[in-house]
Structures are given as structure tokens and as C-alpha cells.
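Participant: Just so you know, the sequences run in chain order A and B. First residue of the first sequence? That's 993 in the numbering used here, and the numbers climb one at a time after it. First residue of the second sequence? That's 16 in the numbering used here, and the numbers climb one at a time after it.
Hints are computed from structural coordinates only; laboratory data are not their basis. Glycine included, each C-beta is placed from N, C-alpha and C at the ideal position. Check before you lean on any hint, since a few could be wrong.
[What the hints assert, rightly or not] Okay, the calculated beta carbon distance ranges per label pair:
{"#": "1", "chain 1": "B", "residue 1": "480", "chain 2": "A", "residue 2": "1117", "range": "33 to 39 Å"}
{"#": "2", "chain 1": "B", "residue 1": "309", "chain 2": "A", "residue 2": "1074", "range": "28 to 34 Å"}
{"#": "3", "chain 1": "A", "residue 1": "1118", "chain 2": "B", "residue 2": "531", "range": "45 to 51 Å"}
{"#": "4", "chain 1": "A", "residue 1": "1098", "chain 2": "B", "residue 2": "373", "range": "51 to 57 Å"}
{"#": "5", "chain 1": "B", "residue 1": "326", "chain 2": "A", "residue 2": "1031", "range": "31 to 37 Å"}
{"#": "6", "chain 1": "A", "residue 1": "1004", "chain 2": "B", "residue 2": "420", "range": "33 to 39 Å"}
{"#": "7", "chain 1": "A", "residue 1": "1031", "chain 2": "B", "residue 2": "499", "range": "56 to 62 Å"}
{"#": "8", "chain 1": "B", "residue 1": "326", "chain 2": "A", "residue 2": "1061", "range": "41 to 47 Å"}
{"#": "9", "chain 1": "B", "residue 1": "551", "chain 2": "A", "residue 2": "1118", "range": "51 to 57 Å"}
[Unchecked claim] Think about it this way: if two alpha-carbon atoms lie no more than 27 Å apart in a straight line, the pair counts; the simulated DSSO-like pairs of lysine-lysine are:
{"#": "10", "chain 1": "B", "residue 1": "335", "chain 2": "A", "residue 2": "1100"}
{"#": "11", "chain 1": "B", "residue 1": "406", "chain 2": "B", "residue 2": "335"}
{"#": "12", "chain 1": "B", "residue 1": "53", "chain 2": "A", "residue 2": "1046"}
{"#": "13", "chain 1": "A", "residue 1": "1046", "chain 2": "B", "residue 2": "61"}
{"#": "14", "chain 1": "A", "residue 1": "1100", "chain 2": "B", "residue 2": "366"}
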Amino acid sequence: MSRLLVVDDEANIRLLYAEELADEGYEVVTAAGISEAVEKLQEGPFDLAVLDIKLKNESGIELLQKLVKERHDMPVILCSAFSCYKDDFSAWLADGYVVKSGNLAELKQEIARVLAKKAQRLKADL
Amino acid sequence: MDWECCWDRDVVAQGDCPNIREGDEDLLESPRRRILEKCCDCPNFKRDLERFQASGHPLGPVFSLFHDEYRRQKVQIQSLLSFLDNKSLEIRFLHELGSVLQSSVDLEEVLSVALTAITAGRGFGMNRAFLLMVDHKREHLQGYLAIGPRNYEEAHQAWDEISHNDMDLQTLAQSFRKNKLTAERAKFHDILEQISVPLSATTHILIRALDGKQPMLIEDAFHHPDVDPQFARLLGVDTFLLMPLVSRNRRVGVIIADNCITHRRITPEDMHSLETFTFPVAFAIERASLYERLQEELNRATEAHTKLKEQQQLIVRMEKMALVGRITSSIAHSIRNPLMIIGGFARSMLKNTPVGDPKRNFIESIVGEARQLEGVLDEILNYSDSLYPTKDFWDVNQLVEAALRDSADALNTRGYRIAFSAGSELPPAYIDFKQVSYCLRTILLCDLNATDHERVVDIGTSREDDNIMIRIQDHGRYISQEQLDTIMVPFSSTREMGAGLGLALCKTILEKQGIPLNAQSAPEKGIIFTIALPIRKEEQQ
């Protein structure tokens, strides 16, 4: 079972993602901000992180940069209410970008795609 | 005594005097005028006078003395008259020249007039004239313009032409400026280009003439101690005039004039006549160049002013747009999150509600409405994005292929088939890739509602003049031209929900980039959209 970390400052969004992704068969851990995310990351490894960009007074991009540096084997999908960050160079560090929508199909597809790609990479490394 | 001449008769008959011709009939009855005008120069009278002298009359030699003196003075008066005639012609010419020079502030006109005056037969009649101008920035005397024939044939042709057209100086100069100036400039380009003397070269004959402010007549140039042999060879004549153009101590230039074709001797009189003419020319050239510079400065200032005004307007517009952008993105953020939570949970509930449950309808409504609101949000955000196109050169076929790939799923599910015929060897188009591909996708997907018609969309790209045309023909849809026109106007959709921005937004986005979107309803063939993408970068607006 793949273990996912969902970082979003909105409690309801965390709840929705946790429910929906659990339904898809993932183990979901949520965090409301950067410090909480860092804490959760220390508790155990994750297969993928879903990251919001606007986190109250913090920036998801900052966390993304940290994750890419320290946990380059863990793919990150950015998930934002804004589509404009797609063109931001820093956002290109992420493995995927999804604009938030009530229809979670796109997010689920993106998670499956990134995980499959990761599995393929691991297989190739072996 | 029997006189040979008829001077002693009061009245003579026609034929008595060999000097009275037709038109002089009134002299026949006027002895006084006849004697003064005709007899004094008549050989018969001369012989009569000799006979009178030989007769030993003491007045004989006195008469001869008077006669000789009278004839000498007559010749002198005639020469003075012709001199006066010449001078009055010259004064008239200078007056004409002066009035043209004084009234013009156009440098090319002044130069044309000056050089025409030097070379025209009615003017100073020189064969050829070169004008060298001082380039004050580079501190050089530089060849600028020349006029005249390069060989005898050409000269002959030009003189023929002039003798056939009786034009005044201004007309002559105007005709020269209109028909010949460019050609003359090109004709002497090689020589003019080689005449470039630094103002500091004070020993050079040109700079000496300029500094001395006095005209110089150079004779035997090939052996002249002060003339650079190379310069003499360049002009190809051994005699020429140097006329410095100086206006209020400011060195304007030098005119070189010569008779390279006729080799007529240049006289000191020629030099003095030209000298009187150089001051107004120098002054006119100086004034015209100043005027030209003033015009340039004025144009620059006007241009800067216009640009500044445009920039100011742009700043105001951008500030407004930035505000719109900030407002829309903040609305998007604050609406999208709750909206996605509502929609997301509703979908989640729908998934877990059994088919027969009466609540299912309500939940479906929530899902549907939330989706529609998200659509509106997308449209508004896309509209605010469209305010800032980022243009570059892109391959149009790749653009179409990418748009087709992105819309393939949606088209397939509706049973549509796409036929794309890519134009070959198309140059890249100057467009905002993201925006144009958004528009293509919207055109492809909006209101696909074909029933049992042929579900084929034809897309073609081709080159037409300075544009690349994308033609999209949808055989499945039938919309009247009126309806189509309504759809193309923003916020006027007949749809009950949504901002109705689809095609209208595309039209706005494309028009902002200067790309026309044309939609034609063809009763037999559905709808034809044509988009003309530019292949050239336009000037910054």
C-alpha cells in the first residue's frame, strides 16, 4: 500500500483528500503546514507527497525545494487553486501539477501516473 | 565737287545709300540722323572726306580728326552698353538666386539651386561643380554632392535639353532635384567618397581655401606646388575654382567648380561673380541645415512625448489589469477551495449512496452545480490571463497537433473523428502558444452537439501572404450566422448558467494578439472557423 503525505492548510480539504485517497487504497497522512509536514516525514517514509502552494503564511514551493534536496526519491505533486504557478520555474521541480477541482479524478490519475513512473524507475535501477 | 556719298542731300531715294535697308526708311528724309548713323561708317563718306582733305582746305584734317574720335567713342559706348547688359542680366540672375535661397529652408532645395546656378548656362556657366560640406562632429570636410556631365556626350545631351526648355532658375533647380539629384549623387559617388579631408590638415588646398575665406583659382593643378597630385588626379582637370562657404565665421563647406568639358578659361571675373554668390549660398545652407536639425530635434521631442504618453497610458492600463489580476486570483482562491470541498464531498457522498436512494438527485444537483461554478471560475481566470500575452515564434502544425492530442479524449467520447491536413514548409507564427492552443481546444470542444450528422472535424493549415491560416470545419454542427454572431459577443450567451465566455473569450484573446477569428455558418457544411496567425513580429504598440 502506497503511503501519501497530503499538505494543505484547509482542514476540509485535508479531510476530503484523506477520504477519497483512502478509498483508492492509499494510506494517507495529512499535515497543515511545513513544520507539521517535516514532523510527519520524520515518523516514517512516504511514497509521494501532495502539496498545496499557498499555505497560510508559508509557501509550498519552499517545502518543495526542501523535499527535492533532502528526499529526492519521494515524488511531489503540486495541487493549487491557481493555474498560474504552472509557469513558475520552481514549480517545474515537482513531478506533477494539478489545479484543485471538486472532481478529484485528475489528481487521482496524476498520483497513479507519478507512482507508476517511480516504480518503473526503481525497477530500472535494480 | 561731286561727292560719292549722299550726305549733302536733304532727301535721298531708296537705293541711293547702300547702308539704308528695309526698316530704315525714315532716315531717307532725315539728313542729320542719316549722317550720324550711316554716313560716318560709310566707305563712300570716308572717300569724300579723304578728297576733302586732299583739296587742301584747312578744315580737312580737323574733320578727319573729329570723324575718327566720333567712331572711337561710338565703339566704346557700344562695348559699355553690352557690359551693362551683361551686368543687368547677372544682377537679375543674382536677385532670382537670392530670392530662392532666402525663401528656402530645405537643404536639398538650397543645394540644388546653388549647384544648378553654378552650372546653368544662364548662371555662371561652369561645366561641373562639387559641393563639400563640413561635418562638424567628425571635424572633416567631406564630399557631399556634385553636378555636371562626366563626358562630352553627356554634356551635349544636357545642354541640348536645357536649350529646349526655357526655364527659370527655380524651375530648373526643382526639375533637377526631382529628376536628377539622386542620379547625380550616385554618378559622382566614387569621387565624393574619396574627398574627405580633416579640418586639421591646414596645408591641404581645400582647408587653406576654407580657412582663408577667399576664393582661389588654381591653374596648372598637376604641377601646382600647393595641390596634392592625388587630389588633382581625382578631379582630372588642371584648372579649377575653390569657393569657400563661410557663414558668420562658421565653416560650412567648399565648392569646387571647373570646365572639365569645354576647357574654357576661368577668368578672374568668373571668380568674382561666384564670390558674390557664395555668401548667400553659405548662409542658406547653414540655415537649411540648422532648420533640418531643428526639425529632427522637434520630431525626436514629439516622438518622445508620444512615447511617454503611451507609456503613461500603458502604466495606467497595466495597473488596472494588475488589479483585475489580483482581484480575480484572490477570488479564485477564496471561491475555488470551498467550491472544491463542496463538490468533492458531494461526489464522495454520491459514490456511497445507493442508486435507489431519493437523496441521490439532490447530491447529483450539488455535484453538477459545483462543476458549473468551477467552469465559470476557469473562464474568468482564463480571461484575466489573456490580458498578458507572451508572444514568440511557434510551429503552427505542432500547435494544432498538441491541441488535437489534448482534446482527443473528449472528441472520441462524443464519437468525433478529426482529419488534419498539415500545410508543408510553413514558417513559424508569432503568437502566444498557450493562449492560441487554449482557443483551438475551446473551438474544437465548445458545444459539440451533433446528432446524427457526420461527426468529422476537418482541420487544415496553410500559408496565405503574411499569415498562416488555420481552418477548422465542423460538419456536425448547424448554427445560423445570427446565432454564431451572438455567441461571439462576450457575456451574451443564451446559456442559463456560466459566463458564456467560450468562443467570445477566444475571439477576445486572439484579437488582443491582433489575430482575427472568423466564424462562418455554412448551411450545407456546418461551421467554418478561420484563424489568421501572423508570421512577422509587429512593431511594439
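Participant: Look at each hint and say if it fits the structure.
Facilitator: Taking the hints in turn, this is what the structure says about them:
no.	hint	in the structure
1	B:480 x A:1117: 33 to 39 Å	violated (55 Å)
2	B:309 x A:1074: 28 to 34 Å	violated (54 Å)
3	A:1118 x B:531: 45 to 51 Å	violated (57 Å)
4	A:1098 x B:373: 51 to 57 Å	violated (30 Å)
5	B:326 x A:1031: 31 to 37 Å	violated (51 Å)
6	A:1004 x B:420: 33 to 39 Å	holds (35 Å)
7	A:1031 x B:499: 56 to 62 Å	holds (58 Å)
8	B:326 x A:1061: 41 to 47 Å	holds (42 Å)
9	B:551 x A:1118: 51 to 57 Å	holds (54 Å)
10	B:335 x A:1100	violated (38 Å)
11	B:406 x B:335	holds (21 Å)
12	B:53 x A:1046	violated (122 Å)
13	A:1046 x B:61	violated (129 Å)
14	A:1100 x B:366	holds (15 Å)
The structure fails hints 1, 2, 3, 4, 5, 10, 12, 13 (numbered hints given earlier, in ascending order).
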